[in-house]
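Sequences listed follow chains D, B and X, in order.
Per numbering that gives the first Met the number 0, the first sequence runs over residues 0 to 275.
Per numbering that gives the first Met the number 0, the second sequence runs over residues 0 to 311.
Per numbering that gives the first Met the number 0, the third sequence runs over residues 0 to 283.
Keep in mind that the hints are not guaranteed to be accurate.
Pairwise CB distance ranges, derived in the manner of DEER restraints [as the list claims (entries may be wrong)]:
no.	chain 1	residue 1	chain 2	residue 2	range
1	D	Q240	B	T220	26 to 32 Å
2	B	G164	X	K126	51 to 57 Å
3	B	L55	D	K174	56 to 62 Å
4	B	T239	D	S244	42 to 48 Å
5	B	V133	X	K33	29 to 35 Å
6	D	Q240	B	K208	27 to 33 Å
7	D	I55	B	Q231	49 to 55 Å
8	B	G124	D	L184	35 to 41 Å
9	D	K174	B	K208	38 to 44 Å
10	X	T22	D	K174	41 to 47 Å
Restricting the straight-line Cα-Cα distance to at most 20 Å, the calculated cross-link-like pairs of lysine-lysine (PhoX-like) are [what the hints assert, rightly or not]:
no.	chain 1	residue 1	chain 2	residue 2
11	X	K205	X	K33
12	X	K107	X	K68
13	X	K64	X	K33
14	X	K107	B	K208
15	B	K196	D	K272
16	X	K82	X	K107
Hints listed in this document are in silico derivations from the structure and should not be mistaken for laboratory results.
Just so it is clear, CB atoms sit at the ideal spot from N, CA and C, and this is done for glycine as well.
Chain by chain, the residues run as shown.
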Amino acid sequence: MRKLSDWTKRMAKYHNAYMTAGCVLSGIILLMLLVGIFFSPYDPTQMDASAKLQGISWKHIMGTDHMGRDVFSRVLYGSRVTLIIATGTVAIGAGAGTLIGALTGFYGGIFDEIMMRIIDALFAFPSVLLALVFVSLFSTGTYEVMISLGIAFIPSFARIVRSEFLRCRNMDYVKSAKMQGATDLRIIFLHIMPNIRGVLLSSILIGFNNAVLAEAGLSYLGIGSQPPYASLGKMLSDAQQYIFSAPAYVFGPGIVIIMMVLGFSFLGEGIRKVQG
Amino acid sequence: MRYVLKKVFMMALTLVVVSVCVFLAFHVIPGDPATRLLGTQGTPAQVEALREQMGLKDPLYQQYFRWAVSFLHGDLGTSYVYSQSVSSMLASKIPITFSLAMMSFVFMILISIPLGIYTARHENGMADRIIMTVNQIIMAIPPFFSGILITYIFGMMLHLFIPGGFISYDISIGGFLGYLIFPAIAIALPKAAMATKLLRGSVIDEASKDYTRTAYSRGNTVNGVLYRHVLQNAMIPVITFIGMALADMVAGSIVIEQVFGIPGISRILLTSISNRDYPVVEAIIMGIAMLVILINFLVDMIYRIIDPRISD
Amino acid sequence: MSEEILAVSDLQIEFHDHQFPETVVYDFDLELEKGEIVGIVGESGSGKSMSALAIAGLLPRHNMKKSGKIMYDGQNLLVCDRKILRSYQGNRIAMIFQEPMTSLNPVKRIGWQVEESLRIHVPEMSKEERRQKAVSMLEAVGLHESAKVYEMYPHELSGGMRQRVMIAAAMIADPEILIADEPTTALDVTVQAQIVELLRKINREKGTSIIFISHDLSLVRQLCREIIVMQDGRIVESGTAEEIFRNPGQEYTRKLIAAIPRVDLSVPRCSVQSKGLGRNGRTE
Numbered sequence: 000m001r002k003l004s005d006w007t008k009r010m011a012k013y014h015n016a017y018m019t020a021g022c023v024l025s026g027i028i029l030l031m032l033l034v035g036i037f038f039s040p041y042d043p044t045q046m047d048a049s050a051k052l053q054g055i056s057w058k059h060i061m062g063t064d065h066m067g068r069d070v071f072s073r074v075l076y077g078s079r080v081t082l083i084i085a086t087g088t089v090a091i092g093a094g095a096g097t098l099i100g101a102l103t104g105f106y107g108g109i110f111d112e113i114m115m116r117i118i119d120a121l122f123a124f125p126s127v128l129l130a131l132v133f134v135s136l137f138s139t140g141t142y143e144v145m146i147s148l149g150i151a152f153i154p155s156f157a158r159i160v161r162s163e164f165l166r167c168r169n170m171d172y173v174k175s176a177k178m179q180g181a182t183d184l185r186i187i188f189l190h191i192m193p194n195i196r197g198v199l200l201s202s203i204l205i206g207f208n209n210a211v212l213a214e215a216g217l218s219y220l221g222i223g224s225q226p227p228y229a230s231l232g233k234m235l236s237d238a239q240q241y242i243f244s245a246p247a248y249v250f251g252p253g254i255v256i257i258m259m260v261l262g263f264s265f266l267g268e269g270i271r272k273v274q275g
Numbered sequence: 000m001r002y003v004l005k006k007v008f009m010m011a012l013t014l015v016v017v018s019v020c021v022f023l024a025f026h027v028i029p030g031d032p033a034t035r036l037l038g039t040q041g042t043p044a045q046v047e048a049l050r051e052q053m054g055l056k057d058p059l060y061q062q063y064f065r066w067a068v069s070f071l072h073g074d075l076g077t078s079y080v081y082s083q084s085v086s087s088m089l090a091s092k093i094p095i096t097f098s099l100a101m102m103s104f105v106f107m108i109l110i111s112i113p114l115g116i117y118t119a120r121h122e123n124g125m126a127d128r129i130i131m132t133v134n135q136i137i138m139a140i141p142p143f144f145s146g147i148l149i150t151y152i153f154g155m156m157l158h159l160f161i162p163g164g165f166i167s168y169d170i171s172i173g174g175f176l177g178y179l180i181f182p183a184i185a186i187a188l189p190k191a192a193m194a195t196k197l198l199r200g201s202v203i204d205e206a207s208k209d210y211t212r213t214a215y216s217r218g219n220t221v222n223g224v225l226y227r228h229v230l231q232n233a234m235i236p237v238i239t240f241i242g243m244a245l246a247d248m249v250a251g252s253i254v255i256e257q258v259f260g261i262p263g264i265s266r267i268l269l270t271s272i273s274n275r276d277y278p279v280v281e282a283i284i285m286g287i288a289m290l291v292i293l294i295n296f297l298v299d300m301i302y303r304i305i306d307p308r309i310s311d
Numbered sequence: 000m001s002e003e004i005l006a007v008s009d010l011q012i013e014f015h016d017h018q019f020p021e022t023v024v025y026d027f028d029l030e031l032e033k034g035e036i037v038g039i040v041g042e043s044g045s046g047k048s049m050s051a052l053a054i055a056g057l058l059p060r061h062n063m064k065k066s067g068k069i070m071y072d073g074q075n076l077l078v079c080d081r082k083i084l085r086s087y088q089g090n091r092i093a094m095i096f097q098e099p100m101t102s103l104n105p106v107k108r109i110g111w112q113v114e115e116s117l118r119i120h121v122p123e124m125s126k127e128e129r130r131q132k133a134v135s136m137l138e139a140v141g142l143h144e145s146a147k148v149y150e151m152y153p154h155e156l157s158g159g160m161r162q163r164v165m166i167a168a169a170m171i172a173d174p175e176i177l178i179a180d181e182p183t184t185a186l187d188v189t190v191q192a193q194i195v196e197l198l199r200k201i202n203r204e205k206g207t208s209i210i211f212i213s214h215d216l217s218l219v220r221q222l223c224r225e226i227i228v229m230q231d232g233r234i235v236e237s238g239t240a241e242e243i244f245r246n247p248g249q250e251y252t253r254k255l256i257a258a259i260p261r262v263d264l265s266v267p268r269c270s271v272q273s274k275g276l277g278r279n280g281r282t283e
């Protein structure tokens with residue numbers, strides 16, 4: 000009995016409007032993704048010429064597209080693609096960025112100076128353009144987009160982590176750890192890193208959202224995963240001209256993108272409000 | 000003064016480094032242009048001759064200098080696909096994209112500064128909470144989707160403009176700008192939302208600082224404290240964002256131009272990418288990189304004007 | 000007896016921004032005569048700064064309940080029209096604060112900030128006249144390269160210099176009352192004495208009444224004729240400096256006086272003798 004009331008009290012601390020909204024939206028998206036992996040109303044690539052551009056119906060929750068494919072199934076598939084790319088992007092950006100930021104922030108010196116110059120130059124360059132460069136030099140595809148966006152995201156993570164490390168490296172707990180003979184590596188990973196958890200989490204959420212939006216923009220332009228296994232942006236690009244005749248075709252993928260981003264965005268706000 | 004010189008030096012250095020990177024990327028990675036130009040028709044001897052002629056047998060650094068110098072003179076290379084000078088291909092497109100990006104920038108400033116100040120003044124009031132929530136929703140909408148929605152609502156439903164009916168500036172400046180208003184709004188919305196949030200936070204932070212109390216003690220009104228004291232301090236972090244936003248707006252234009260059918264840089268960039276027409280892509284990317292570096296420099300200069308604590 | 004210019008009676012200040020209202024000042028009275036220097040002493044949290052802020056009209060109007068009267072110039076500053084209050088602030092009643100670094104706007108020049116009260120209250124004055132007045136004010140507070148200081152920014156000055164700037168800015172419109180809220184607390188000891196001396200000079204030469212707030216009783220004694228002692232939001236004792244030091248009526252006052260470090264007394268030897276470890280290993 001006691002355990003339950005303790006738990007509810009601790010959970011109550013996390014209760015605010017943003018958190019709830021964020022959890023709900025993210026929950027729906029997550030559900031969609033999970034369901035989509037195992038079960039899909041139709042094969043996303045199955046065309047049915049007789050059923051083109053139908054509206055919302057019990058048979059097709061979001062209608063059909065211009066080739067007779069079920070929009071909802073395609074949305075399920077497309078959001079998985081978007082999610083994978085976004086996750087990969089953030090993994091690369093946050094991973095490499097944190098490492099670089101930690102090292103430059105902790106050690107400073109000439110290495111820091113040079114690195115920061117490179118990072119600053121890269122930082123202002125729009126990520127979409129970097130992806131375009133990458134794609135033009137190599138080929139277009141899911142991995143190319145993920146890698147190029149990931150690289151484009153490194154500077155922002157690096158800067159944030161670096162400034163956190165600059166802030167923390169002169170703190171007393173670092174000094175006492177040094178006095179105890181801790182190696183630098185130990186200090187970086189076991190002492191300072193845990194302290195920047197909050198900032199890092201918040202940046203990762205924001206980065207994820209930006210990645211989703213960037214990927215959507217790129218796939219709208221036709222860059223990234225290719226049809227018929229297209230991601231949400233590409234769907235929107237195809238759907239654009241049919242907005243009058245089959246609005247569900249446009250709004251389906253669009254709303255899903257918005258929900259994805261909004262869900263995480265609200266979650267981030269909710270967490271921030273809790274941390275105070 | 001030393002600050003300015005230092006920044007100019009950094010700008011030049013960054014330009015050089017970036018140009019080297021761009022050069023290497025587009026001349027080393029893609030492979031041999033001569034082979035591509037001649038296609039399968041060319042014999043190995045012809046390919047070699049062409050390479051000699053194009054200067055591809057010279058050491059890399061020579062090629063780089065040649066490229067850099069001609070770039071600075073306005074010679075942006077020759078298209079692989081159209082055998083036309085890149086500059087002539089881009090000439091008519093650049094003003095269009097530039098105007099679009101500028102308009103978006105102006106809209107962003109016009110929306111975010113008054114809203115940022117207003118929401119900061121009425122913190123936690125009804126209007127503030129509504130605006131902040133709307134803000135978050137706007138930031139979640141990809142610009143091209145809002146572009147599609149705008150096309151639908153303002154174009155097809157309200158008939159305020161003809162979707163796809165781009166009017167060139169040499170036909171009618173009014174029509175040109177009028178058509179660009181809608182795509183500009185689409186680009187500006189998410190950035191304006193972010194800027195509003197940033198400014199609001201910054202003003203709220205500054206308003207709680209001690210110097211505002213001193214200002215009140217001298218008889219300032221709330222507006223006096225806000226506009227004479229707080230705003231200048233509050234703008235400092237916002238300026239960084241605005242600089243970056245401008246660069247992002249150029250990227251945003253690339254996407255939005257496709258939504259509204261605007262014949263700017265976007266179309267030519269995308270076709271060149273799929274055609275592997277590297278000189279064009281290279282010129283555009285280099286141009287944008289130069290712009291970004293310039294914007295950063297300007298932002299640094301503005302900092303110096305606003306915040307005297309930036310030391311030499 | 001000089002004319003009384005400020006009379007505070009039954010001032011009570013309550014905070015209403017948390018769940019329960021918190022009273023931070025009770026039953027505060029103060030009478031200030033022309034040319035007089037009154038000191039308010041107490042620890043942190045005693046309510047001395049709050050009372051001062053109330054007199055200066057700098058307390059927020061929401062989340063706060065104030066009762067009582069602050070009579071100045073025939074007006075009750077607690078309830079009078081905002082415009083009237085603003086016309087006094089900077090012009091007739093000026094204030095300087097504890098932290099000169101954060102109390103000055105970091106992005107504006109010193110001269111601009113010093114002139115501000117003139118800009119607000121004497122709009123007819125020309126730019127050049129204002130500038131001259133500001134420069135001479137900076138000179139008068141002891142900043143001798145005043146023309147240079149005029150062009151400088153706060154971060155280029157030391158703490159003591161910044162506090163002098165604050166005083167110059169406060170005095171430029173020739174106020175009747177100067178409220179000094181712990182002006183020396185953030186400064187070095189040597190500079191503290193200089194600032195106190197400056198305040199005394201201002202009082203002597205311009206006849207400005209001063210309310211000097213501090214937790215440092217020795218400083219207050221040097222400067223003030225009347226002293227008010229506060230504890231936990233209440234006045235526990237008030238009187239002339241001589242009376243208070245010679246015959247402290249309250250226990251608290253006695254403690255405060257005893258806490259003043261004095262070099263002329265010998266320090267009593269520590270009389271605790273260690274009894275060593277007792278039978279059970281415990282000291283006694």
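Results of checking the hints against the structure:
no.	hint	result
1	Q240(D) with T220(B): 26 to 32 Å	55 Å, violated
2	G164(B) with K126(X): 51 to 57 Å	55 Å, holds
3	L55(B) with K174(D): 56 to 62 Å	58 Å, holds
4	T239(B) with S244(D): 42 to 48 Å	45 Å, holds
5	V133(B) with K33(X): 29 to 35 Å	57 Å, violated
6	Q240(D) with K208(B): 27 to 33 Å	54 Å, violated
7	I55(D) with Q231(B): 49 to 55 Å	53 Å, holds
8	G124(B) with L184(D): 35 to 41 Å	50 Å, violated
9	K174(D) with K208(B): 38 to 44 Å	30 Å, violated
10	T22(X) with K174(D): 41 to 47 Å	43 Å, holds
11	K205(X) with K33(X)	11 Å, holds
12	K107(X) with K68(X)	36 Å, violated
13	K64(X) with K33(X)	29 Å, violated
14	K107(X) with K208(B)	15 Å, holds
15	K196(B) with K272(D)	15 Å, holds
16	K82(X) with K107(X)	26 Å, violated
The structure fails to meet hints 1, 5, 6, 8, 9, 12, 13, 16 from the earlier list, while all remaining hints are met.
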